Amino acid sequence: MSPPLLKVTKANKVFHVGSATVHAVTDISLTVNKGETVAVVGESGSGKTTLANLILGIEIPTSGEVELAGEQLKGRRSKTVRRKIGLVQQNPYSTLNPRKSIGQAIGLPLDVHGIGSRAERRRRIGELLEKVGLNAGHRDRRPLALSGGQRQRVAIARALTTNPDLLVLDEPTSSLDVSVQAHILRLLRDLQQEFDLAYLFITHDLGVVRVIASRVVVMYRGRVVEEGSVAAIFRSPRHRYTQLLLASIPTVSEEDDAFKPDWPWDADVKGDGDPAEGCPFRSRCPFAVERCGQEFPDMRGSGDHRYACFNPRPETSEAIVNLQAEKLERKKA
Amino acid sequence: MKEILTVKDLDLTFDTLDGPVNVLRGVSLSVREHERVALVGESGSGKSVTARAILGLLPERNRRLNGSVVFEGSDLVTERPSRLRERRGRDMTMIFQDPMAALNPVYTIRNQFLAVLSRSHPELNAKQAEARMSDALRDVSIIDPTRVLDSYSFQLSGGLNQRVMIAMGLISRPRLLIADEPGTALDVTVQQQTLLIMKRLSESYGTSILFISHNLGVVRQFADRVCVMYSGRIVEEATTAELFANPRHPYTRALLASVPRLSSDELPEPIEGSVPDPREPIKGCPFKPRCALATDDCLQPIPLREFGTQRVACIHQEEFA
Numbered sequence: 001m002s003p004p005l006l007k008v009t010k011a012n013k014v015f016h017v018g019s020a021t022v023h024a025v026t027d028i029s030l031t032v033n034k035g036e037t038v039a040v041v042g043e044s045g046s047g048k049t050t051l052a053n054l055i056l057g058i059e060i061p062t063s064g065e066v067e068l069a070g071e072q073l074k075g076r077r078s079k080t081v082r083r084k085i086g087l088v089q090q091n092p093y094s095t096l097n098p099r100k101s102i103g104q105a106i107g108l109p110l111d112v113h114g115i116g117s118r119a120e121r122r123r124r125i126g127e128l129l130e131k132v133g134l135n136a137g138h139r140d141r142r143p144l145a146l147s148g149g150q151r152q153r154v155a156i157a158r159a160l161t162t163n164p165d166l167l168v169l170d171e172p173t174s175s176l177d178v179s180v181q182a183h184i185l186r187l188l189r190d191l192q193q194e195f196d197l198a199y200l201f202i203t204h205d206l207g208v209v210r211v212i213a214s215r216v217v218v219m220y221r222g223r224v225v226e227e228g229s230v231a232a233i234f235r236s237p238r239h240r241y242t243q244l245l246l247a248s249i250p251t252v253s254e255e256d257d258a259f260k261p262d263w264p265w266d267a268d269v270k271g272d273g274d275p276a277e278g279c280p281f282r283s284r285c286p287f288a289v290e291r292c293g294q295e296f297p298d299m300r301g302s303g304d305h306r307y308a309c310f311n312p313r314p315e316t317s318e319a320i321v322n323l324q325a326e327k328l329e330r331k332k333a
Numbered sequence: 001m002k003e004i005l006t007v008k009d010l011d012l013t014f015d016t017l018d019g020p021v022n023v024l025r026g027v028s029l030s031v032r033e034h035e036r037v038a039l040v041g042e043s044g045s046g047k048s049v050t051a052r053a054i055l056g057l058l059p060e061r062n063r064r065l066n067g068s069v070v071f072e073g074s075d076l077v078t079e080r081p082s083r084l085r086e087r088r089g090r091d092m093t094m095i096f097q098d099p100m101a102a103l104n105p106v107y108t109i110r111n112q113f114l115a116v117l118s119r120s121h122p123e124l125n126a127k128q129a130e131a132r133m134s135d136a137l138r139d140v141s142i143i144d145p146t147r148v149l150d151s152y153s154f155q156l157s158g159g160l161n162q163r164v165m166i167a168m169g170l171i172s173r174p175r176l177l178i179a180d181e182p183g184t185a186l187d188v189t190v191q192q193q194t195l196l197i198m199k200r201l202s203e204s205y206g207t208s209i210l211f212i213s214h215n216l217g218v219v220r221q222f223a224d225r226v227c228v229m230y231s232g233r234i235v236e237e238a239t240t241a242e243l244f245a246n247p248r249h250p251y252t253r254a255l256l257a258s259v260p261r262l263s264s265d266e267l268p269e270p271i272e273g274s275v276p277d278p279r280e281p282i283k284g285c286p287f288k289p290r291c292a293l294a295t296d297d298c299l300q301p302i303p304l305r306e307f308g309t310q311r312v313a314c315i316h317q318e319e320f321a
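Residue numbers (full-length UniProt numbering), protein chains in the order written: chain A, 1 to 333; chain B, 1 to 321.
Think of the hints as simulated: they come from the structure by calculation, not from any bench.
This one's a predicted model, so the numbers in the text were calculated from it and none came from an experiment.
Each residue gets a CB set at the ideal place from its N, CA and C atoms; glycine is no exception.
Check the hints yourself; a few may be wrong.
[As the list claims (entries may be wrong)] Just the calculated beta-carbon pair ranges, DEER-fashion: (1) A:E65 <-> B:L57: 46 to 56 Å; (2) B:L304 <-> A:R122: 49 to 59 Å; (3) A:K100 <-> B:K8: 17 to 27 Å; (4) B:T184 <-> A:T21: 27 to 37 Å; (5) B:S118 <-> A:A231: 16 to 26 Å.
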């Protein structure tokens, strides 16, 4: 079997801020195969973006390894390696230079990597614009003349210029309206099928994960707390933090409500503090047991669904799964 | 129940260098006692500007405002500015989207909270004020009010700041609270918690809420009644239960279809086309260019039609029957 496209092994990143040390990412391991979408979910401060930066080579891991197609990536990366990973960022209003035309924005990676003659670049920019649902006429316009959705399309086109194998998508739809988000999700799916792209999809929105990803990694305070297939995690979240995340999704129909786990919103929890030892989630967790304060739990569970929790949510019972199926049937009828 | 806020035929036009921009067109809505009403729509639909128009927070220059905003019997559009200033922040308060931006980072929370408190309760002495603020913070589930009062906004988490904003917004026991995308800048888990706190407090204080959001799911949990806005108009109004069980306007339906579902792994349906340019005059229904049901009749002025308690600005309702 060929090695996975991206493999991160036991990556750590520690920042020193004044006299304080911040463990942004602790012992993260994950793999992304060719053509697959892996979602990384977590709230602000969970280390999602630091993880992206490690993969992109913007930050160098304090320890641990990042491999691309079996090749270990060192601190300084060659241009050939850099071409293979593209990046789309969250806010299309701040990631495009307002003084440069769309053509210049998309053409920059071609300049940097010295790809093609002037005429070829021009043709390629036009081609890419059409691939993302714009047209060659947008080439000479400035970002200000474009809507948020159009700008995000430009950012995607720019990420595709060097024919990458992997796109790191850092909250690509969070700043867009839902109706526009739906367009971008479709575009991403179509591009993935056309170019056999792999996506590392970073988001805080589990609702989006359900429809776009095949596997999920849930992060909390720099650690992976649960990972598995989308089907397994949405059917039966085990870690209490994943349970809370799912229970927080604002759903729009009764069918969707049936898929949300319960959460004791009124339970007393200790509140804001960030414990140094043990499970970092325990200060917000009404289910914490004594052991949670002593050590960080090891990953348990089987191959396609693993979680780090001493007092996990019980597996969703058959009765509830049947009820969910029934609700769906009724909706279709 | 008695209406405490009645907005009628609100038209708003800004005169810009590119010509007039039509921001609101005939917006009418009402909020009753103890009721939570949501204004939902996408960016540019005119939700926030409606809130600002109600509170009289719009710039005076280059704007034309017509219609009436009746709050407890007096019209805020024509009311004396001094009287309006008195009522704003006391009888009618507002919570903004980003608590980090709404709180001033160079003053402690105590300082800012005192300024708010002294408007509605100028008679309190320092000790009483301190007690009042601590109680208010405890009401929003803050366990250590003294530490929070001593802090600056940048020393607190987003969730705590948002709760401080809620406490400040409700300290005068206002008749109406306008909440503009509360919690949108926060993580989902924290957002959920703060919304629950706000809901509980508004119930126990008897405060009505006008709630502005782009998130249909949040609206469904929080509001009693929903107004859907599109291109500066209200296109549908219904109780929350009705709206989600039986959305009538094609835009409401399209918007619901574009939300990713937990119950399905299919990609949501996008809405084709784009929002009309507010600088262009619009004839008839603003959603016509994007609507599958559109006919030439949609170019006529479209009034809101009533279906039971539901109001819909669409002439193609028979097709749904």
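Checked hints:
1. A:E65 <-> B:L57: 46 to 56 Å: holds, 54 Å
2. B:L304 <-> A:R122: 49 to 59 Å: Holds: the Cβ-Cβ distance is about 51 Å, inside 49 to 59 Å.
3. A:K100 <-> B:K8: 17 to 27 Å: violated, 47 Å
4. B:T184 <-> A:T21: 27 to 37 Å: Check passed, 32 Å falls within 27 to 37 Å.
5. B:S118 <-> A:A231: 16 to 26 Å: This hint is violated: roughly 57 Å between Cβ atoms.
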